[in-house]
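*Asks:* Taken in sequence, the protein lines are chains A and B. The first sequence: position 561 = 561 (my numbering), numbered continuously. The second sequence: position 391 = 391 (my numbering), numbered continuously.
The set of hints was computed from the structure by calculation and includes no laboratory data. Treat the hints with care, as some may be off.
[Said to hold, decoys possible] Interface residues of chain B toward chain A, partial, derived using beta-carbon atoms under 7 Å:
1. E194
2. D220
3. R221
4. T459
5. N499
6. A506
7. P509
8. P588
9. S589
Just so you know, even glycine gets a beta-carbon here, dropped at the ideal spot from N, CA and C.
Number of protein chains: 2
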Amino acid sequence: MPVVGKSVPRKDAWDKVQGKARYVDDYSFSDILYATTVRSELAYARLNGIDTARALSMPGVKAVLTHVDVQGKNAVPLVFEDEPFLAQDYLRFHGEPVALVIAESYEEALAAAALVKVDAEPLKPVLSIREAIAENAPKIYKDDNCFSRYNIKKGDAETAMKKARHIFEREYETPYQEHAYLETNGVIAVPGLEDSMAVYGTMQCPFYVHDAVAQAIGIDRNKVRIVQTTTGGGFGGKEDFPSVVAGQAAIAAKLTGRPVKLVYKREEDIIASSKRHPGLIKMKIGTDERGKIVAAIIDYYIDGGAYSTLTPIVLWRGTVHALGPYECQDILIKSYGVATNKVPCGAYRGFGSPQVIFAGESIIDEIADELKIDPLEIRRLNGYKVGSSTATSQIIDQSCGLMETIDRAAAKADWKSKWQAPSSKKGSTRTGLGISTVYYGVGLGAGGKHLDRVATSMTIMKDGSVHCAIGNVEMGQGARTVLAQIAADALGASYEMVNVVETDTALVPDSGPTVASRTTFMSGNSLMIAAAELRPRLLHVAKDMLGETRDEDVELIDGWAFSKRNANGQRIHFKELAQKLYAYRLMPSAFGWYIAPDSSYDKDTGQGNAYFVYSYCTNIAEVEVDMETGEFQVKRITCAHDMGKAINPQQVEGQIEGGTLQGMGYATMEEIRHDANGKMLNNAFATYILPTTEDTPVIDPIIVEHAYDRGPYGAKGFGEVPLMGIAPAIANAVYNATGKRIRILPIKPEKILGLE
Amino acid sequence: MPVVGKSVPRKDAWDKVQGKARYVDDYSFSDILYATTVRSELAYARLNGIDTARALSMPGVKAVLTHVDVQGKNAVPLVFEDEPFLAQDYLRFHGEPVALVIAESYEEALAAAALVKVDAEPLKPVLSIREAIAENAPKIYKDDNCFSRYNIKKGDAETAMKKARHIFEREYETPYQEHAYLETNGVIAVPGLEDSMAVYGTMQCPFYVHDAVAQAIGIDRNKVRIVQTTTGGGFGGKEDFPSVVAGQAAIAAKLTGRPVKLVYKREEDIIASSKRHPGLIKMKIGTDERGKIVAAIIDYYIDGGAYSTLTPIVLWRGTVHALGPYECQDILIKSYGVATNKVPCGAYRGFGSPQVIFAGESIIDEIADELKIDPLEIRRLNGYKVGSSTATSQIIDQSCGLMETIDRAAAKADWKSKWQAPSSKKGSTRTGLGISTVYYGVGLGAGGKHLDRVATSMTIMKDGSVHCAIGNVEMGQGARTVLAQIAADALGASYEMVNVVETDTALVPDSGPTVASRTTFMSGNSLMIAAAELRPRLLHVAKDMLGETRDEDVELIDGWAFSKRNANGQRIHFKELAQKLYAYRLMPSAFGWYIAPDSSYDKDTGQGNAYFVYSYCTNIAEVEVDMETGEFQVKRITCAHDMGKAINPQQVEGQIEGGTLQGMGYATMEEIRHDANGKMLNNAFATYILPTTEDTPVIDPIIVEHAYDRGPYGAKGFGEVPLMGIAPAIANAVYNATGKRIRILPIKPEKILGLE
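From just these sequences and the hints, can you work out the full model?
*Replies:* Right under this line is the structure:
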């Protein structure tokens, strides 16, 4: 393997560090117009009318659009289509888009937007999960305020619970998390020939945006083209929301016949874009005398906000993962995606899992503590090994590195000699060690199976350089680099000659979303399929050029072809092979189409092979707490990850570092606050606090490779995993240091001191 | 065939008539710069230096580029690579690009360009074919002033000529022709991520431009993307020249790091862009007593201008076609592509054929006249039928409609009752009838065989609409419409749901040039291949939806699937099939890759199967001449064409009308004049006279369909043919009216009166 497994430099690094990368706001088009959004000031209200007259009379203003101007269907096409592109009949959250002002300059648009009058009659909003599920709750969504529900029934949890030696029952709560990507949402919609529409923008899911634009303006999909521009971060936050922005911009562009730029300021991005769902998790775990889990009953609630967006599928993933990577024969999980009058929540790295992982990894720590078992040992006892049965009764048949991640993290963090029970800690500055273990289903799983396929297009150019178009996007995670490594090795080209371009829906067919840690696995496999179609053509021409008679006597590695029978003889460069390929008029392009391995799910019992493979990790956090002030510092986090194969170890380490810090923000400082009327109070980075370089602990990444036989070179996918177990590891470390159990995130000095 | 063969409306018609189509000059990009070209004032000179200092100091000027600034190789990659992007060492024609001035506005660029000082030492130019081939000619290209030469030797022409009953020897000359496309040359080069370069522009051959940009700036081809913008006409004129413009703009864009627009004014487009080659044709024909051709010796010279560009292949086509569609066992053809110090000549509808057709169709008329044979009968006697052997000894094995075109044109033009010998004409206003017959090899033939393949990419979208990307371009000829018809029928979709988009080199691999009347045949076939891959998937899902058990029991026509066993039963719409295709996760895209049927050519003898198939036509022109002034009017031209199958009869008629008028301009008014120093004198439409609506005769198109079994639905390709035989038909009609034989085009009153 000449390139796979090597830390080759990122394809996009130089442009980005030099400031040459161009984000959507760096683009313009002739005759461009600028849009801004008029938003609801109320969390819940009946919409009686919108007075646009004064705004329309302002200088530079070309149009003020409301729901009546939507040419297609006023519904964002995600799961249920309950969210309008522009509010109609009701206002359902503070910040909801009501109107778009289109003007010759952004400043003119802003000035006019302030003059749009929204006539709305306030209604009493529902502002939390507990309010929404209360028996006498006002009904804001159907008759139960519930977007969706799932059940997992494995064995007989009620009976098993009764037989359990110990029963532990706890509630945990997790907060919102804002994605805080460097680049806010933004698109430019450009009307094209024959009523076609192109949209350029920052996004994770160009094919979702494709659907949204077609639906918003009511044109055939073969007239829509979505081009991803260099994307400054996504983390799930650009899975659903760009569909809203792009649909709106397209409506404006179609109406005006001119390009329209709609780029968000940070404040409106925070107020309006999707967030991580707040969670409420009720755990009841029964164990035997040794701490072996024998029964689990879990109720899992997430706050979906005002529209369903991705709540049904976020909830599904969280439901499946609710118990964590622990064997248990009798499980009952019920889950609820709840409606409230707040900003709709959607995807965020982990996708419904970090909430349940916080609960699960906290309660197992509580169990270990009460039963006086080493927290590491209780995980060894219960954790998945090859042959384990998951909550959905899936047998883990291969590629399960969980135990090795525990062992290697423990060794690196010196757990054995450092860990002591909380009771032994003394003094005003105390240190603690906490552990968490995580498993995570790679790809969309049975819940998103119909979308779990991906295309690539690969072309060998005349000069031997290779052009690959992919269906998954680069959004900073390094996909273009990792996929170029896979393509190069699969084809026999050198890494330098492979260019993987940013995603454009005209280049490859619908490849689903770029989510669920699926890109390396799915796009990697589809590139291997494309390469497998092209490589024989190269071997065929190489055979002739080398004077061989059989294609199978030729080898092609790292850009050079040679005879297997005479490995030290003549070598032919890829460039010459390409020229000959063209001279032979052999097709130099191929599509790769990869369909995910099968998965299944019974909707009544929740049983089945939920995901085709899982990744695993163990995090060990070390904290230092000032017992007088409650102030604490995360000193070190050791993270051992099994991703099957590290295609690019440096990038794997980068993912671990970034995810760990993001998880630390979630654990220790990030929260969104609302006033009593549901108005968001902290929509700026001055008030929504994020970890900075100064807060960064030592992060100690460990790569564990339990190859997956269907993965490209054994790789699974793990981009989300680094974030997921950080919060419980820190909470467990804080408990270990202080004896104070934090069950409501974020962990704050006030809570450690018991003041909140 | 629900759509093929029907005159469905053009896909691009509405946008074009409404002014919504966007040509390259309608586009802009952020931070764009404007370029203009400093050109040689001399036809031939040694280039000593270029003083850019004053220009550089002008307001708004960002750069003044000369040959030293070319980052890659200073040679346009066409056949021989003898032409620099910017002149180096020598100036070889009046109008040659010497420097580029890049400024913030076009006006600033123009102002500065006037201040660039070119220090050059004039040399004596060579200005005509006769000068170039004179024995003591100064040598401006190698040692013979000849870019290329060909021979065709069939049988023994010298011996056969000696045995001929009658021998006819004549010389003919044909002039330049300017393409006069509505839109001048122009591109915008846009630097992209990671030193990539995209070029948008008006062009026929995006893949040639791709080569040129990679070579001009020295980057890998997988970093180059060429996007054709709506193209306002080509006619061959945008085959080679956009490579020059795009290479120059890319050089400027790379150097400045900003988008650069380089769009020509009409005057510089005429002065600098390629033209139809002037021709000199020496014909010597021997016949038997009945007018049957028994020997032919032809010398064919074309004036290639200062650089070879496409001269070698233009000459090859003309050589093969030099005798016209006439059987003869003993043929000797010698041809010469000659260098002069004038604008390089390139492709123009007919590509080296109209020159020899003028000669061949004139001399056969002269023969008929001298032997007192009806000009129509001499063509019936000698013309190709199935089984005939061409000049290259190719046996015409099928699809030869020449005789039917003669018969049907003659019938429609009422030849039998109207035609009278010139000697019988009297009075001061005389009418005449003239005929020409033409055959034309479709596609690139053996001379361009290595490029004669084409790709398409076809995608069935989720809503059943179909997106096709093609390797050949739409340049006004109607390709997008005709290809959508073929794609629709091949797939079983409706025409309305098929969108064939403009060409973008990122969408399909190198598909060669859009020339040689090859688009319908080549791209049509490749779409049929792509459809043949996708259609079974649709039949498969249709089978399940219809409750059938075998795919072959399902039919899919015009957007509806139904059971063959129950044709009046359930019908399933294409949209539903597409949805099911996606639900099944079947690959919705396919490439089509079509390689032209084989052709061959022996370079010593010129013998072989030069083209895979030929199209045929007969033109009958009717003129009215004022014998006192020499003024004449072309009253009617009847044009019968065998193109195998008219995919869209209305578009076939449109091609006939446009080509006929263009041929009439060539025949009767168009010419480029130079002064004694080689300076072009008429570079404006005020001085270069074109036919207008007022000059347009009645054009009477007749469709003759001798299907070609390898063509899509039998189609061959004929876009160029309508122009090709017009000049001799008119010249023959003028002779028929007046008794005056015009052997040097254009036909003008002065010549009819014998004054010139």
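*Asks:* Next, verify each hint and record whether it holds.
*Replies:* Right, here's what the structure says about each hint:
{"no.": "1", "hint": "E194", "result": "5 Å, holds"}
{"no.": "2", "hint": "D220", "result": "4 Å, holds"}
{"no.": "3", "hint": "R221", "result": "4 Å, holds"}
{"no.": "4", "hint": "T459", "result": "5 Å, holds"}
{"no.": "5", "hint": "N499", "result": "4 Å, holds"}
{"no.": "6", "hint": "A506", "result": "6 Å, holds"}
{"no.": "7", "hint": "P509", "result": "4 Å, holds"}
{"no.": "8", "hint": "P588", "result": "5 Å, holds"}
{"no.": "9", "hint": "S589", "result": "4 Å, holds"}
The structure shown violates none of the earlier numbered hints.
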